[in-house]
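Kindly produce the complete structure, drawing on both the sequences and the hints.
For the sequence shown, full-length UniProt numbering begins at 1 and goes up steadily by one.
Hints are computed from structural coordinates only; laboratory data are not their basis. Computed from a predicted model, the values in this text were never measured in an experiment. Think of the CB as a built atom: it goes at the ideal place given N, C-alpha and C, for glycine as much as any other residue. Please note that the accuracy of each hint is not assured.
Calculated lysine to any residue pairs in the SDA-like style (CA-CA distance at most 25 Å, straight line) [as the list claims (entries may be wrong)]: (1) 54 - 30; (2) 302 - 205; (3) 302 - 21; (4) 54 - 31; (5) 54 - 277; (6) 302 - 119; (7) 302 - 232; (8) 302 - 191.
Derived DEER-like restraints, expressed as beta-carbon distance ranges [to be verified]: (9) 27 - 81: 47 to 57 Å; (10) 297 - 32: 11 to 21 Å; (11) 102 - 144: 52 to 62 Å.
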Amino acid sequence: MKAVPHSPLEPSAGSKWFAGIVVITYAVVSLIPLVWIFMTGFRTPNDAIAYPPKLVAEQSLIGYVNLFTTRSRVGAEEMAALPPPATWYESLVREQQMILAGPSRFIDRYSNSLLIGFGSTLLSVVLGTLAAYAFSRFRVPGKDDLLFFILSTRMMPPIAIAIPVYLMFRTIGLSDTHLGLILMYTVVNLSLSVWLLQGFMDEIPREYEEAAMVDGYTRWQAFLRVVLPQAATGIATTAIFCLIFAWNEYAFALLLTSGTAQTSPPFIPTIIGEGGLDWPAMAAGTTLFLLPVLFFTVLLRKHLLRGVTFGAIRK
Numbered sequence: 001m002k003a004v005p006h007s008p009l010e011p012s013a014g015s016k017w018f019a020g021i022v023v024i025t026y027a028v029v030s031l032i033p034l035v036w037i038f039m040t041g042f043r044t045p046n047d048a049i050a051y052p053p054k055l056v057a058e059q060s061l062i063g064y065v066n067l068f069t070t071r072s073r074v075g076a077e078e079m080a081a082l083p084p085p086a087t088w089y090e091s092l093v094r095e096q097q098m099i100l101a102g103p104s105r106f107i108d109r110y111s112n113s114l115l116i117g118f119g120s121t122l123l124s125v126v127l128g129t130l131a132a133y134a135f136s137r138f139r140v141p142g143k144d145d146l147l148f149f150i151l152s153t154r155m156m157p158p159i160a161i162a163i164p165v166y167l168m169f170r171t172i173g174l175s176d177t178h179l180g181l182i183l184m185y186t187v188v189n190l191s192l193s194v195w196l197l198q199g200f201m202d203e204i205p206r207e208y209e210e211a212a213m214v215d216g217y218t219r220w221q222a223f224l225r226v227v228l229p230q231a232a233t234g235i236a237t238t239a240i241f242c243l244i245f246a247w248n249e250y251a252f253a254l255l256l257t258s259g260t261a262q263t264s265p266p267f268i269p270t271i272i273g274e275g276g277l278d279w280p281a282m283a284a285g286t287t288l289f290l291l292p293v294l295f296f297t298v299l300l301r302k303h304l305l306r307g308v309t310f311g312a313i314r315k
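Spelled out as structure tokens, the structure:
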């Protein structure tokens with residue numbers, strides 16, 4: 001039996017092994033900082049800043065306790081006069097010669113991140129889907145110029161418009177509000193949303209809609225029942241990228257908020273412990289901050305893989 005000749009377009013076994021090693025190495029190197037942050041969240045303050053760094057250290061939940069509480073230092077006599085601690089986390093606080101003073105602001109800031117991040121993502125995807133459908137299916141005067149103008153809003157660094165945006169928000173009363181930050185992130189993400197989704201809309205054959213309208217569907221019904229299910233992959237992919245930007249954004253969150261609508265990114269670096277930054281609490285906050293985007297991405301990972309290999313990103 002004659003051997004099947006090796007196709008020049010098919011990678012060899014050695015190339016596949018080399019590519020696999022490179023990918024695994026890159027993944028391991030990329031995960032090291034995340035693993036270290038996760039480990040730091042379960043260390044004592046002294047072990048967190050130990051030099052040289054300790055790979056194996058005493059495990060403690062003091063970082064998470066400090067993250068969710070505010071504490072006050074008391075003297076030895078006052079500490080001795082206190083009743084025994086009622087909870088395990090109060091015991092950890094007492095070990096630092098402190099007493100609980102109340103909850104911290106982390107939960108409020110975390111809730112703000114959830115509301116603003118997912119709210120702006122929803123608006124960006126909805127508006128981007130409608131705009132992308134219009135550009136894909138209708139004759140829009142100056143279509144190419146409009147698309148370039150939309151894309152050009154992503155070309156300038158955010159700091160270039162920081163002062164005008166701050167003055168505008170302060171004038172119209174949107175400074176330090178949830179609505180203001182949602183609108184800000186929606187505007188920034190809208191250009192990305194339109195460009196990504198237009199590529200997916202272009203891939204959906206027009207014949208599907210035409211057949212539906214021949215069967216009696218209106219244009220709107222054909223859009224909802226035919227186009228949207230076909231564009232689900234593009235919508236999910238776009239939602240992931242929009243959420244990642246809104247979730248991680250720091251500059252506008254720092255500039256436009258101070259208390260009521262402040263999100264987690266500008267809050268976490270301000271966690272102060274005795275004598276400086278509370279690194280275990282900061283690591284604990286960072287770990288919790290990563291979870292929503294991680295779960296959202298894992299939930300839509302199949303759509304993300306298809307979106308990276310097809311659609312507008314491929315173009």
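Each hint, compared with the structure:
Restraint check for residue 54 and residue 30: the C-alpha separation of about 20 Å stays at or below 25 Å, so the hint holds. Under the criterion of a C-alpha separation no larger than 25 Å, the hint pairing residue 302 with residue 205 is consistent with the structure, at around 22 Å. Taking the CA atoms of residue 302 and residue 21, the gap is near 23 Å; set against the 25 Å cutoff, the hint holds. In summary, the hint linking residue 54 to residue 31 is supported, as the alpha carbons are separated by about 18 Å, within the 25 Å threshold.
Annotation: proposed proximity of residue 54 to residue 277 holds, straight-line Cα distance about 19 Å (limit 25 Å). Pair hint residue 302 plus residue 119 holds up; C-alpha atoms about 23 Å apart against a cutoff of 25 Å. A C-alpha spacing of about 11 Å is found between residue 302 and residue 232, which places the hinted pair at or below 25 Å, so the restraint holds. The suggested pairing of residue 302 with residue 191 holds, with an alpha-carbon distance near 24 Å, which does not exceed 25 Å.
Between residue 27 and residue 81 the CB atoms are about 54 Å apart, so this pair conforms to the stated range of 47 to 57 Å. A hinted range of 11 to 21 Å for the beta carbons of residue 297 and residue 32 is consistent with their spacing of about 19 Å. At about 57 Å, the CB distance of residue 102 to residue 144 agrees with the hint of 52 to 62 Å.
Figure legend: structure checked against the earlier numbered hints; every hint is met.
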